[in-house]
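Engineer: Those protein sequences? They're chains X and Y, same order as listed.
Position one of the first sequence corresponds to residue 26 (the working numbering), numbered consecutively onward.
Position one of the second sequence corresponds to residue 26 (the working numbering), numbered consecutively onward.
Read the hints as simulated data drawn from the structure, not as lab findings.
These figures come from a predicted structure and were not determined experimentally.
No residue lacks a Cβ here, since even glycine has one placed at the ideal position from N, Cα and C.
Hints are not guaranteed to be accurate.
Footprint (simulated), chain X over chain Y, 3 or more residues, beta carbon under 8 Å [what the hints assert, rightly or not]:
id, region
1, 143-155
2, 239-251
3, 266-272
4, 294-304
Some chain Y residues well away from chain X (every beta-carbon gap over 10 Å; in silico) [to be verified]:
id, residue
5, A45
6, P46
7, M57
8, R59
9, L64
10, Y74
11, D205
12, R222
13, R228
14, L259
15, T282
16, G284
17, A322
18, G340
19, R342
2 protein chains.
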Amino acid sequence: MSQPEFDVIAIGNAIVDVMAPCSDALVEELGMVRGGMTLIDTERAHSLYDAMGPAREISGGSAANTLAGLAALGAKCAFIGQVADDQLGEVFAHDIRAGGISFGTAPRAGDPPTARCLIFVTPDGQRTMNTFLGASQYLPAAALDEAAIRAASVLYLEGYLWDPEEPRAAMRRAIAAAKDAGRKVAFTLSDAFVIERHGADFRAMIETGEIDILFANHVELAALTGHDDFDKGLAELAPKVPVLVVTRSEKGAVAVTGGERFEVPAEPIDQVVDTTGAGDLFAAGFLFGHVRGWKVADCLTTGAICAAEIISHYGARPEADLKALVAARIG
Amino acid sequence: MSQPEFDVIAIGNAIVDVMAPCSDALVEELGMVRGGMTLIDTERAHSLYDAMGPAREISGGSAANTLAGLAALGAKCAFIGQVADDQLGEVFAHDIRAGGISFGTAPRAGDPPTARCLIFVTPDGQRTMNTFLGASQYLPAAALDEAAIRAASVLYLEGYLWDPEEPRAAMRRAIAAAKDAGRKVAFTLSDAFVIERHGADFRAMIETGEIDILFANHVELAALTGHDDFDKGLAELAPKVPVLVVTRSEKGAVAVTGGERFEVPAEPIDQVVDTTGAGDLFAAGFLFGHVRGWKVADCLTTGAICAAEIISHYGARPEADLKALVAARIG
Chain X
26 MSQPEFDVIA IGNAIVDVMA PCSDALVEEL GMVRGGMTLI DTERAHSLYD AMGPAREISG
86 GSAANTLAGL AALGAKCAFI GQVADDQLGE VFAHDIRAGG ISFGTAPRAG DPPTARCLIF
146 VTPDGQRTMN TFLGASQYLP AAALDEAAIR AASVLYLEGY LWDPEEPRAA MRRAIAAAKD
206 AGRKVAFTLS DAFVIERHGA DFRAMIETGE IDILFANHVE LAALTGHDDF DKGLAELAPK
266 VPVLVVTRSE KGAVAVTGGE RFEVPAEPID QVVDTTGAGD LFAAGFLFGH VRGWKVADCL
326 TTGAICAAEI ISHYGARPEA DLKALVAARI G
Chain Y
26 MSQPEFDVIA IGNAIVDVMA PCSDALVEEL GMVRGGMTLI DTERAHSLYD AMGPAREISG
86 GSAANTLAGL AALGAKCAFI GQVADDQLGE VFAHDIRAGG ISFGTAPRAG DPPTARCLIF
146 VTPDGQRTMN TFLGASQYLP AAALDEAAIR AASVLYLEGY LWDPEEPRAA MRRAIAAAKD
206 AGRKVAFTLS DAFVIERHGA DFRAMIETGE IDILFANHVE LAALTGHDDF DKGLAELAPK
266 VPVLVVTRSE KGAVAVTGGE RFEVPAEPID QVVDTTGAGD LFAAGFLFGH VRGWKVADCL
326 TTGAICAAEI ISHYGARPEA DLKALVAARI G
């Protein structure tokens, strides 16, 4: 096994977030699932955008956010994801490359346009996401840079992208390539709806040992295991994956590895402005520590620091100097 | 003269700001004029964007920012400006309409794309702007909604837009329409470079009484009058315009009207994050008070409150509840 060229390579949705504050009443009125992620079609995208207040555009996408955090911490990263050949595609590509991340997937010509996520942020900081997948769902297996995948310590996959057919096939091929090269595969379950549709796939991948590091939140843990009780769910899943990381919002996070359980509280924070990307950045912090061979407790703390930074401002890409924030805490 | 339908109608650049923090060294390295506004062509836009860090997109444009502030304060506003038929054009149109501002200018088909301003924000909060005017410079006189102009208490014009030929002709026609309907014309000088190129036009318009309310900062006052001494410049210009408003950054602002001079200090602020839009929002606050018939001192204070809000965060569109901020101070 040659020296890895990248710490982490990720396959994920290539999305630009369109974000605006909104009232609790508007979430209700528009019939949105508060705090959730809903896939929307063109028509719904237009009607929701019309109902949205003045917004800002910030690159997003779950795995891409995680890479942005990893790169900010100092990791060497690469991204694979599909944008269209349009202005928002240029914005996404610029932002990810400007973060120091290698991104070589060619833009897709013609319709549909680049994916966008309409994010309504209520006064409590909770985000309600409506995703128009656009070009992102057409990532073809041919777009994979298998040499790069074989040259990365960790292949990180976003559960959201397991839903559309072409990217799912691409991700299966990527897993095979990573495994063949002796690399680790990390997977984030992303959302309960993905588990509802593809839970059987995920359980099979876990049983066959294809997933080395699994990220979930407490809702996804329950959806995957069928146990509403957190500890029961954890006890069932943990023996099946080498590293299991479960985030619990304001209750902090838990990791189980080698039969040992580690826990970290949530970082104190003045004001939760926008929770978009909290899980993504937790994963960034944890993975960074993991690829650097840090103690599990330090990996968790790093995840908590990154998550706290991201929810203190609008958008799911880091603004503060994550490296300095972490260095101040972890020797 | 019929009851006005709008408080303020503005003609301005229809621009999306692309903003990123940057180091002082990068401003130097890229050969940018720190704190200034420079017009750039396609090639320079590409090279500067390549050098820029991960960014966010927020609608901008000087006069459009002023309207966003006015509308947030409760004024009825309309905007005239040219976007292209592209994604950033949709973003601009959405944001201005979502702010409650009437915007009917049809998007322009084909190249060039919608205007964008690449804004580099240094650690002191100073913004250095690089504007690619794109479609914005092709606003034709035919795009004017003369009925709306005649139905607005104030026609507000952005000096930046005096530079390109077509919008200049459109603005001259708009002034004639507003004057013919017995409305007021407000003008912001925008930047010293505009005065260098078009100072003769501006001085002529002032002499002939076409401008009722003139906004400038201290640098523009000096450029227009040729007096480096603030008080000398003010003394020369003030008798020629019914209302003269001059902002002085951290020194606050001055208004002279009816031979009387009024002054307001800058509002105290915890941290200057990004000065983009400070002048635009000062104008918004002042104009709001003016159209409501407030005392001059209160108009100035409202301007200072709005300017302080805008420099406390990224972007030139208000985020806090301006109406509440002003109501807390002005009875």
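Engineer: Checked against the structure, which of the hints given earlier come out wrong?
Structural biologist: Violated hints: 1, 2, 3, 4, 5, 6, 10, 18, 19; rest satisfied.
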